[in-house]
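Chemist: Residue numbers (numbering that gives the first Met the number 0), protein chains in the order written: chain A, 0 to 246; chain B, 0 to 216.
Hints may be right or wrong, so weigh each one.
Stated by the list, open to error - Computed beta-carbon distance windows for the label pairs:
| no. | chain 1 | residue 1 | chain 2 | residue 2 | range |
| --- | --- | --- | --- | --- | --- |
| 1 | B | 95 | A | 238 | 50 to 56 Å |
| 2 | A | 98 | B | 33 | 43 to 49 Å |
| 3 | B | 120 | A | 80 | 41 to 47 Å |
Said to hold, decoys possible - The following residues of chain B were derived to be distant from chain A, with all beta-carbon distances above 10 Å:
| no. | residue |
| --- | --- |
| 4 | 44 |
| 5 | 55 |
| 6 | 97 |
| 7 | 128 |
| 8 | 133 |
| 9 | 145 |
What the hints assert, rightly or not - Listing some non-contacts, in silico: residues in chain A with all C-beta distances to chain B over 12 Å:
| no. | residue |
| --- | --- |
| 10 | 48 |
| 11 | 71 |
| 12 | 76 |
| 13 | 104 |
| 14 | 161 |
| 15 | 178 |
| 16 | 206 |
| 17 | 229 |
If you are wondering where the hints come from, they were derived from the structure by calculation, not from laboratory data. Cβ coordinates follow ideal geometry from the N, Cα and C atoms, glycine included.
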Amino acid sequence: MNASAAAQAFLLEKKMKKTIRLLLVVLTMTVVSAAPAIAQSTTGTVSMSATVSKFVEINSGGGVTLSGNSGGGITTNGTVNNPLSVVVNLGELGPANTNSFVTASVPLKLRSNAAYVLSLAATVSSTGSTANEITSADVGFGMGTIVRSGVGVNTAGTDTNATSGDPTLGANGSVNGTTGRYNFTALRSNLSAFSSATTALSGSFIMNAVPRSNTNGLTVPALFAIKPQFYETGTTTIVATFTVSAP
Amino acid sequence: MKRILAITALLIVFVGSASAQTFDISSGGTPTITGALSGSVSGNSSTTTDLNVTINFGEVGPANTNAIVKVVVPIAIRSLSPYKVTATVTGGTNVNLQALQRSDVGFGVNNMRGTGFLSRNCNNSDHIFYSPFTADPATHITYTAAGRADYPGNLGDIGTSTTILSGPTLSFLFGGRFSSNAHIFDAIFTVMPQFYASGTTTASVTFTISAGPSVPC
């Protein structure tokens with residue numbers, strides 16, 4: 000081996016030693032840092048849960064229809080899919096109004112993911128002081144035709160109308176043969192039956208599994224009717240509060 | 000010189016022993032939840048801890064007026080060879096079809112990224128997210144003819160050991176879990192609040208990493 004070859008071998012060995020030292024450092028660091036982190040697993044788990052609570056809501060089903068009125072009008076109309084808050088002035092209810100009935104049809108929209116019960120509590124207060132004033136029995140009431148339609152609605156669901164329907168129907172009232180006063184005589188056909196919260200409508204769940212942004216639902220008109228008669232003069236205030244619940 | 004070589008050999012043997020298992024899956028960081036009503040998600044923020052996440056979506060009926068409940072779960076994976084990640088779902092079914100079903104839970108995976116200098120970035124093969132799980136379900140919602148929310152991928156598309164991801168080697172040195180030798184991807188779970196039938200639903204998804212299709216790094 001000449002001097003040049005010997006020098007090259009020396010340099011090569013020096014390089015190898017340096018490389019091995021570096022490798023040693025890296026491996027040592029790896030092992031040292033690996034010691035507390037050896038834990039390994041080939042599986043991991045994500046567990047999940049979700050809750051759906053019973054839900055019911057009532058909103059306006061649209062604009063109010065007032066008919067047979069003399070004077071009066073709709074003070075605050077209903078707007079579909081908005082909270083129900085309607086104000087109606089029924090106008091003249093004395094004999095000056097020659098129409099057969101003054102009626103107000105208030106559309107309701109119900110939605111639920113569970114069986115529902117719609118109840119009504121109503122108050123009727125008149126300024127009169129005699130038995131001839133307008134009373135709760137003089138205000139006919141009934142739930143009209145129930146419609147379940149549209150995408151996302153449980154159209155196979157069934158409903159039970161606890162009222163007698165349109166109070167102006169001949170079968171639902173007549174002139175009292177003794178007093179001569181017109182009476183709404185059918186089952187739950189006037190507001191005297193609703194002096195406290197009383198079921199007006201009930202049924203199975205309304206909405207299938209669709210988002211709340213789906214605006215369909217069950218629509219039904221709440222029908223109010225008063226027959227103009229020789230009532231005591233004065234004014235009458237009627238407040239009807241609907242509540243839907245999921246028992 | 001001989002002594003150095005001997006020590007080095009011993010260390011190599013030791014490291015080799017420590018990495019007998021060449022695949023690992025762990026937490027990829029803190030999971031997040033948005034749009035929840037009375038919901039929560041819990042998981043370990045450390046990428047060197049086991050993947051064990053608990054999601055409570057909270058109220059997912061119409062009482063929750065948010066558009067969607069979305070949970071992002073970062074998952075860390077490590078390997079010294081090509082890998083695949085599979086998912087297996089249990090639970091999440093209801094006899095009542097109007098109640099929450101597996102198909103009502105959107106599921107997607109995306110956003111693969113390395114975690115540090117020991118994450119191996121291969122140029123010759125990609126990490127592949129498998130259809131139909133490639134989209135963020137929160138931004139790809141459609142509706143069925145019945146009006147029910149639908150996602151490109153959902154838990155109903157996961158059976159037993161359904162492959163959701165595969166790719167080339169993930170790590171360099173693999174003596175165990177380090178914060179720097181993993182890749183992390185996001186698993187996304189979504190539920191859109193709807194008029195589901197009332198009740199509580201539970202489900203579990205198990206992710207497993209194992210040897211995958213042989214692809215070059």
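Chemist: Could you run down the list of hints and mark each one as holding or not?
Modeler: Evaluated hints:
| no. | hint | verdict |
| --- | --- | --- |
| 1 | B:95 - A:238: 50 to 56 Å | 39 Å, violated |
| 2 | A:98 - B:33: 43 to 49 Å | 58 Å, violated |
| 3 | B:120 - A:80: 41 to 47 Å | 53 Å, violated |
| 4 | 44 | 15 Å, holds |
| 5 | 55 | 5 Å, violated |
| 6 | 97 | 5 Å, violated |
| 7 | 128 | 17 Å, holds |
| 8 | 133 | 19 Å, holds |
| 9 | 145 | 6 Å, violated |
| 10 | 48 | 5 Å, violated |
| 11 | 71 | 37 Å, holds |
| 12 | 76 | 25 Å, holds |
| 13 | 104 | 27 Å, holds |
| 14 | 161 | 24 Å, holds |
| 15 | 178 | 49 Å, holds |
| 16 | 206 | 4 Å, violated |
| 17 | 229 | 50 Å, holds |
Consistency note: the structure conflicts with the earlier hints numbered 1, 2, 3, 5, 6, 9, 10, 16.
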